[in-house]
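Protein chains in written order, with the working numbering: chain L, 1 to 338; chain G, 1 to 455; chain C, 1 to 382.
Calculated from the structure, these hints are not laboratory results. Heads up, the beta-carbon is just placed ideally off N, CA and C, and yes, glycines get one too. Each hint should be verified, as a subset may be incorrect.
[Said to hold, decoys possible] Taking lysine-lysine pairs in the DSS-like style, the calculated list, with each CA pair at most 25 Å apart, reads:
#1 L:Lys124 with C:Lys81
#2 G:Lys316 with G:Lys201
#3 G:Lys107 with G:Lys80
#4 G:Lys379 with G:Lys107
#5 G:Lys135 with G:Lys108
#6 G:Lys175 with G:Lys133
#7 L:Lys83 with L:Lys64
#8 G:Lys338 with G:Lys379
#9 L:Lys83 with L:Lys124
#10 G:Lys133 with G:Lys201
#11 G:Lys135 with G:Lys107
#12 G:Lys175 with G:Lys201
#13 C:Lys177 with G:Lys135
#14 G:Lys100 with G:Lys135
#15 L:Lys303 with G:Lys227
#16 G:Lys133 with C:Lys177
#17 G:Lys379 with G:Lys175
#18 G:Lys175 with G:Lys338
#19 L:Lys64 with G:Lys338
#20 G:Lys80 with G:Lys133
#21 G:Lys379 with G:Lys100
#22 G:Lys135 with L:Lys62
#23 G:Lys201 with L:Lys55
#24 C:Lys81 with G:Lys175
[Unchecked claim] Residues from chain L that face chain G, not an exhaustive set, calculated with beta carbons under 10 Å:
#25 Ala3
#26 Gly11
#27 Pro159
#28 Tyr258
#29 Ser295
#30 Ser298
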Amino acid sequence: MDAILLQILNGLDKGGAYALIALGLTLVFGTLGVVNFAHGALFMIGAFCAVTLQKLLTLSTKVKDESITFFDAYKEVPILSAKFPVVGPIIVDLAVPLAILVAIPVMWIIGLVMERGLIRHFYKRAHADQILVTFGLAIIAQEVVRHYFGANPIPQLAPAVVSGSANVGSWFGLGDNVVYPWWRLIYLAFAGIIIASVFAFLQFTTFGMVVRAGMQDREMVGMLGINIQKRFATVFGIATVCAGLAGVMYTPILPPDYHMGMDFLVLSFVVVVVGGMGSLGGAVLAGFLLGILQSFASMNEVKSIIPGIDQIIIYLVAVVVLLVRPRGLMGRKGVMED
Amino acid sequence: MSKKTGPTSDWSRRDVLKASAATAAISGAPMFFSRNAYGADFLNNPGDASTVTLGFNVPQSGAYADEGADELRAYKLAVKHLNGEGDGGMMNTMQPSELKGNGILGKKVEYVTGDTQTKSDAARASAKRMIEKDKAVMITGGSSSGVAIAVQGLCQEAGIIFMAGLTHSNDTTGKDKKANGFRHFFNAYMSGAALGPVLEKAYGNERNAYHLTADYTWGYTTHDSVKNTTEGLGWNTAQNVLTPVGAGDFSQYITPVLNSGADTLILNHYGKDMINSLTQAVQFGLRDKQVNGKDFVVIVPLYSRLMAQGAGDAVKGIYGSTNWHWSLQDEGSQAFVKSFGQEYGFPPSQAAHTCYVQTLLYADACERAGTFEPCEVVKSLEGHKFDGMGNGPTEYRAEDHQCFKDVLVVRGAENPTSQFDLLEVVEVTPRAQVEYAPDHEMFAGGDLGTCNNGA
Amino acid sequence: MTRPTAMGDWILFICFSVVVLAMPFWLAPFGADYPDLMQKFAIFGIFAIGFNLLFGLTGYLSFGHAVFLGVGSYAAVWSFKLLTMNIVPAMIFGIIVSGVFAFLIGFISLRRSGIYFSILTLAFAQMSYNLAYSVLTPITNGETGLQLTLQDARSLDAMAGIEVTRSLPSTTLFGIKTSGLPGFYICAVVLIIAFFIAMRITRSPFGTMLRAIKSNQTRMSYTGFNTRPYLLWAFVISGMYAGLAGSLMAVTDPLAGAERMQWTASGEVVLMTILGGAGTLIGPFIGAVFIKYFENIFSSFNEQILHRFFDALPDGLENVLVSVTSLFVGEGWHLTLGLMFMIVVIFLPGGIMEGVRRIGKLFSRKPEKVVAKAVEASGAQS
Numbered sequence: 001m002d003a004i005l006l007q008i009l010n011g012l013d014k015g016g017a018y019a020l021i022a023l024g025l026t027l028v029f030g031t032l033g034v035v036n037f038a039h040g041a042l043f044m045i046g047a048f049c050a051v052t053l054q055k056l057l058t059l060s061t062k063v064k065d066e067s068i069t070f071f072d073a074y075k076e077v078p079i080l081s082a083k084f085p086v087v088g089p090i091i092v093d094l095a096v097p098l099a100i101l102v103a104i105p106v107m108w109i110i111g112l113v114m115e116r117g118l119i120r121h122f123y124k125r126a127h128a129d130q131i132l133v134t135f136g137l138a139i140i141a142q143e144v145v146r147h148y149f150g151a152n153p154i155p156q157l158a159p160a161v162v163s164g165s166a167n168v169g170s171w172f173g174l175g176d177n178v179v180y181p182w183w184r185l186i187y188l189a190f191a192g193i194i195i196a197s198v199f200a201f202l203q204f205t206t207f208g209m210v211v212r213a214g215m216q217d218r219e220m221v222g223m224l225g226i227n228i229q230k231r232f233a234t235v236f237g238i239a240t241v242c243a244g245l246a247g248v249m250y251t252p253i254l255p256p257d258y259h260m261g262m263d264f265l266v267l268s269f270v271v272v273v274v275g276g277m278g279s280l281g282g283a284v285l286a287g288f289l290l291g292i293l294q295s296f297a298s299m300n301e302v303k304s305i306i307p308g309i310d311q312i313i314i315y316l317v318a319v320v321v322l323l324v325r326p327r328g329l330m331g332r333k334g335v336m337e338d
Numbered sequence: 001m002s003k004k005t006g007p008t009s010d011w012s013r014r015d016v017l018k019a020s021a022a023t024a025a026i027s028g029a030p031m032f033f034s035r036n037a038y039g040a041d042f043l044n045n046p047g048d049a050s051t052v053t054l055g056f057n058v059p060q061s062g063a064y065a066d067e068g069a070d071e072l073r074a075y076k077l078a079v080k081h082l083n084g085e086g087d088g089g090m091m092n093t094m095q096p097s098e099l100k101g102n103g104i105l106g107k108k109v110e111y112v113t114g115d116t117q118t119k120s121d122a123a124r125a126s127a128k129r130m131i132e133k134d135k136a137v138m139i140t141g142g143s144s145s146g147v148a149i150a151v152q153g154l155c156q157e158a159g160i161i162f163m164a165g166l167t168h169s170n171d172t173t174g175k176d177k178k179a180n181g182f183r184h185f186f187n188a189y190m191s192g193a194a195l196g197p198v199l200e201k202a203y204g205n206e207r208n209a210y211h212l213t214a215d216y217t218w219g220y221t222t223h224d225s226v227k228n229t230t231e232g233l234g235w236n237t238a239q240n241v242l243t244p245v246g247a248g249d250f251s252q253y254i255t256p257v258l259n260s261g262a263d264t265l266i267l268n269h270y271g272k273d274m275i276n277s278l279t280q281a282v283q284f285g286l287r288d289k290q291v292n293g294k295d296f297v298v299i300v301p302l303y304s305r306l307m308a309q310g311a312g313d314a315v316k317g318i319y320g321s322t323n324w325h326w327s328l329q330d331e332g333s334q335a336f337v338k339s340f341g342q343e344y345g346f347p348p349s350q351a352a353h354t355c356y357v358q359t360l361l362y363a364d365a366c367e368r369a370g371t372f373e374p375c376e377v378v379k380s381l382e383g384h385k386f387d388g389m390g391n392g393p394t395e396y397r398a399e400d401h402q403c404f405k406d407v408l409v410v411r412g413a414e415n416p417t418s419q420f421d422l423l424e425v426v427e428v429t430p431r432a433q434v435e436y437a438p439d440h441e442m443f444a445g446g447d448l449g450t451c452n453n454g455a
Numbered sequence: 001m002t003r004p005t006a007m008g009d010w011i012l013f014i015c016f017s018v019v020v021l022a023m024p025f026w027l028a029p030f031g032a033d034y035p036d037l038m039q040k041f042a043i044f045g046i047f048a049i050g051f052n053l054l055f056g057l058t059g060y061l062s063f064g065h066a067v068f069l070g071v072g073s074y075a076a077v078w079s080f081k082l083l084t085m086n087i088v089p090a091m092i093f094g095i096i097v098s099g100v101f102a103f104l105i106g107f108i109s110l111r112r113s114g115i116y117f118s119i120l121t122l123a124f125a126q127m128s129y130n131l132a133y134s135v136l137t138p139i140t141n142g143e144t145g146l147q148l149t150l151q152d153a154r155s156l157d158a159m160a161g162i163e164v165t166r167s168l169p170s171t172t173l174f175g176i177k178t179s180g181l182p183g184f185y186i187c188a189v190v191l192i193i194a195f196f197i198a199m200r201i202t203r204s205p206f207g208t209m210l211r212a213i214k215s216n217q218t219r220m221s222y223t224g225f226n227t228r229p230y231l232l233w234a235f236v237i238s239g240m241y242a243g244l245a246g247s248l249m250a251v252t253d254p255l256a257g258a259e260r261m262q263w264t265a266s267g268e269v270v271l272m273t274i275l276g277g278a279g280t281l282i283g284p285f286i287g288a289v290f291i292k293y294f295e296n297i298f299s300s301f302n303e304q305i306l307h308r309f310f311d312a313l314p315d316g317l318e319n320v321l322v323s324v325t326s327l328f329v330g331e332g333w334h335l336t337l338g339l340m341f342m343i344v345v346i347f348l349p350g351g352i353m354e355g356v357r358r359i360g361k362l363f364s365r366k367p368e369k370v371v372a373k374a375v376e377a378s379g380a381q382s
């Protein structure tokens, strides 16, 4: 029983990550009709916002390291902590949450520049061209990051206050065996908040109404004299920020490296398509569904019946869903079917 | 790097282009059909040329790119030393040594590089380029066992010597051993055997171990080797769970450990998988747990300092094994660390060490054989005993082309004094402890075959 | 675009054959005239041409085509292990097995269109890759890849009385070794045949039908026309091309690894086709050559070579140039590839063939009609 509860938590946690990454992707699909293969790279850039901030906060002066005698070695002394012995370490400790504040403007600008400078010219182009150009962009982003940060993962710590585990079981009177790391719970809550805000924004503002109308029928909105193009830039910016924030918050769970975007790219596409192209609710639903199923498929009890099921479960679910429901869980007719 | 290298150094780009076009036009097809048209008796015989080319095939992209970069640094340093530049590094401590600092057999050493991408196909394509186009006499490198075995097989078929870089699977010198291939690095069996006594001393004889194993060949052999050792100590193996390579988030495999009754977690993971699973295991509070009245412990059978960096504080106090560590105090290690540190400003990794040593060993074997001919080099390496290369007295066993030497058991440093001081050496397990019969069941099923000159 | 004529096609075919067979000569100045790379050009050319038969003609974008490449390789290596080192059975097996796989995967995936089809093919390929890497290790030898061993049965060879030695046997075509340059010529001839068949398919009524599906499937189905069998045939043929390419990889180098089926490998053939020019006859081949060239040659440049390259220049300038260019070559070759993707797709929307067509247009005003015709045929979308 405890094991199942823990797997549900794992599944929700994974699902939160999948949904958050897929959210921006499906938004861009649905409104702009663009297949963005650089979305994974945006997730990665978000994560490296956190890395950069941490590096800046721990910027060090080099002092000769006396402990190494074979050759001239230097050890690094962080300036911030040295200058402000009390506040400095606290700020460094909070690097990841602080990186959210940095990532929002940075990702927003990246999103706008990318849309205005590149993506805009590809609205009317074939999907194949969109794939090629965004894939090229993703490779370039990766290589630039690798040039500055190397290929090895760079560890990021969650703030000390939340580095331990929460006794989730005791909250529900289930004994002490269901403990779960605080940071993962925070990630889940964070994903929920971001997803809810994007939904609220699209549901309750005039801007959101126009965008939703544009998702339904772009030509009609255009004919009504509404300049949908301008709003597209904003939508792309939102998608970029979502991906970036997903990356920032994920760093304490998965030490970031330059290739992490590609690792998530295929998965996020599967989530979006299983959810149904251009459907926000579908993407979120599919994210959680795949996350939970993946967790259960990894249990020994399941693996002993079907060996290797955890290797393929996501793709198996994708195939089954697409065969039962032609346009994914909540997709609409005619979107990206040609 | 010196810019005046080789006989072509005075050529301009235009000259090179013109010349190569002309060569192709003149010599044309016949050359391809008879690659040994000069009457050479083995593939890529440098003949009367003043230089000899070695092929350094390392991962330059993908998960092991940083390790590959460190290997390449070591290779460049080895070439420098062989050509008599720099301080000579381990050439001064190697015993016995025929190296003179004038290249190999009087020929200046040149090198070509390639990107394996940590994929068998790409690695073989790159190695073939070195053999077919660049006329390399020896290929070395690799940062994963799959790639090393694939390239070793290729070199056997082509008739080139392969000096393996970092490859830890038993199969490289077991099931998939080849006459033209040699491995200096240690293997999974040795890791298990070396860890045994240390684990017994630290954790006793009554442990209940839970294995998470990467779901591919290297994972399987490591799991078998470690299980063999720990069960020999009297430990119980609670469960072995296979995890997909590159899973990223291991939470669904870690939570079942929490309440399984196991008090030890063994992570048969390497590279990114190791970093992620270890980071997450610590995050889930495994190390703060008490089970059966004992502190819960985590063990990582194969450690790498470069990888340990990625896991940050999570490695503190965790046991594992390693082929070599820069803090060793013997003369050979110190000479190498000094030379490497002065060149690049930081100490070398174990991958760099094994690659450097392999290059020197190859050069020395050629000197002793008096030729680059692969079969002669094989003969002079088989059963070769040497010392002063950082691992104490070492032997290249003739039966399987595996080096037998001491193995290091290390632990994540609790209070690192520098950013390189991540691991501390706990014990140097003597060679006798980690030795096994050539036909040991974990290594059975292979056949060296006969050496191939490629002619 | 004028309709390509039969004569234009023949000229194109002959030019293509000459260019392919003469690779050892004209590739020399580019440093790409060694057998392995030329084999790769031919093999991936076949793969891309086959992929284009599906994608270029019908518009169905398969994102899991590498699975057929991998299956073809495994089938061929098993043929070497169990039957004979002769490459003919290996190639036949590769084509048949991948054809069967393509039929099964196509039968299910073609129930959907657009991106839903792409994701279905991707899902099948990823499942195959993940299983081949881990659970199916007894069949595929997992990460290490399936290799020949001395203990292999090779029953046909044994029956024919070919003695077993202490060294591994090589692949042969009735006695001719198929590694090295002869291996390239075998691949080249197969490529030329594959190209010819692809050309005939494109110009046939079947090809016209496929293009009609691309331009308007809805209209086709309104006329009561069932498009599925045509699509399935295109998918199977395309899968067999991939299987052929996979078996040729095993022929020139008897090893089959799971990573051949990974999504990145599927993505690579998509990129090759789009880069060269989807829907054109020789575009996919050109794309394949470009990408393989970058992967193998650009990645091999190191500072030593760069210094030699810029040696004629003054020292200061030389060092600057070396440090700048080293970002784009060696370990930075991915960066160049990414830049090339972007530049081509931004400036030449139809891929590299668009560039060829533009140059061809300049020519067509001049009297060289032959060139113009061949260029037109090669670039013909119709």
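Hint by hint, here is what the structure shows:
Between L:Lys124 and C:Lys81 the CA atoms are separated by roughly 51 Å; this puts the pair beyond 25 Å, and the hint is violated. At most 25 Å may separate the alpha-carbon atoms for a hinted pair to count; G:Lys316 and G:Lys201 meet this at roughly 18 Å. Between G:Lys107 and G:Lys80 the alpha-carbon distance is near 13 Å, which keeps this suggested pair within the 25 Å criterion. Distance restraint check for G:Lys379 and G:Lys107: the Cα-Cα separation of roughly 21 Å lies within the 25 Å cut-off, and the hinted pair is therefore satisfied.
With a C-alpha separation of about 15 Å, the suggested pairing of G:Lys135 with G:Lys108 holds against the 25 Å cut-off. A threshold of 25 Å between alpha carbons decides the hint, and for G:Lys175 with G:Lys133 the separation of about 31 Å lies outside it, so the pair is violated. At most 25 Å may separate the alpha-carbon atoms for a hinted pair to count; L:Lys83 and L:Lys64 meet this at roughly 19 Å. For the hint pairing G:Lys338 with G:Lys379, the CA-to-CA distance comes to about 32 Å; that exceeds 25 Å, so the pair is violated.
The suggested pairing of L:Lys83 with L:Lys124 is violated, with an alpha-carbon distance near 55 Å, which exceeds 25 Å. The suggested pairing of G:Lys133 with G:Lys201 is violated, with an alpha-carbon distance near 54 Å, which exceeds 25 Å. About 15 Å separates the Cα atoms of G:Lys135 and G:Lys107, which keeps this hinted pair within 25 Å; it holds. Simply put, G:Lys175 and G:Lys201 have alpha-carbon atoms about 33 Å apart, too far for the 25 Å limit, and the pair is violated.
Simply put, C:Lys177 and G:Lys135 have alpha-carbon atoms about 20 Å apart, close enough for the 25 Å limit, and the pair holds. With a CA separation close to 24 Å, the supplied pair G:Lys100 and G:Lys135 stays within the 25 Å bound. Only pairs whose Cα atoms come within 25 Å are accepted, and L:Lys303 paired with G:Lys227 is accepted, the gap being roughly 21 Å. For the suggested pair G:Lys133 and C:Lys177, the alpha carbons sit about 19 Å apart, so the restraint of at most 25 Å is met.
A distance of roughly 21 Å separates the Cα atoms of G:Lys379 and G:Lys175; the hinted pair therefore holds under the 25 Å criterion. Only pairs whose Cα atoms come within 25 Å are accepted, and G:Lys175 paired with G:Lys338 is rejected, the gap being roughly 38 Å. Among the hinted pairs, L:Lys64 with G:Lys338 is consistent with the structure: their alpha-carbon atoms are about 16 Å apart, no more than 25 Å. Restraint check for G:Lys80 and G:Lys133: the C-alpha separation of about 23 Å stays at or below 25 Å, so the hint holds.
Between G:Lys379 and G:Lys100, the direct Cα distance comes to roughly 21 Å. Compliance with the 25 Å bound is thereby established for this hinted pair. A hinted pair counts as satisfied when its Cα atoms are at most 25 Å apart, and G:Lys135 with L:Lys62 does not qualify at roughly 45 Å. Restraint check: the Cα-Cα separation between G:Lys201 and L:Lys55 comes to about 40 Å, which exceeds 25 Å; the hinted pair is violated. For the hint linking C:Lys81 to G:Lys175, the alpha-carbon distance of about 16 Å falls within 25 Å, and the restraint holds.
Because the beta carbon of L:Ala3 sits about 6 Å from the nearest beta carbon in chain G, less than 10 Å, this interface hint is met. Below 10 Å, beta-carbon pairs count as interface contacts, and L:Gly11 has one with chain G at about 8 Å; its hint therefore holds. Residue-level restraint check for L:Pro159 is violated (minimum Cβ-Cβ distance to chain G is 13 Å; threshold 10 Å). At a threshold of 10 Å, the smallest CB-CB gap from L:Tyr258 to chain G is about 9 Å, leaving the interface hint in force.
The beta carbon of L:Ser295 is positioned within 10 Å of a beta carbon in chain G (closest approach about 4 Å), and the interface hint is therefore held. Against a cut-off of 10 Å between C-beta atoms, the interface hint on L:Ser298 holds, since the closest Cβ of chain G lies about 4 Å away.
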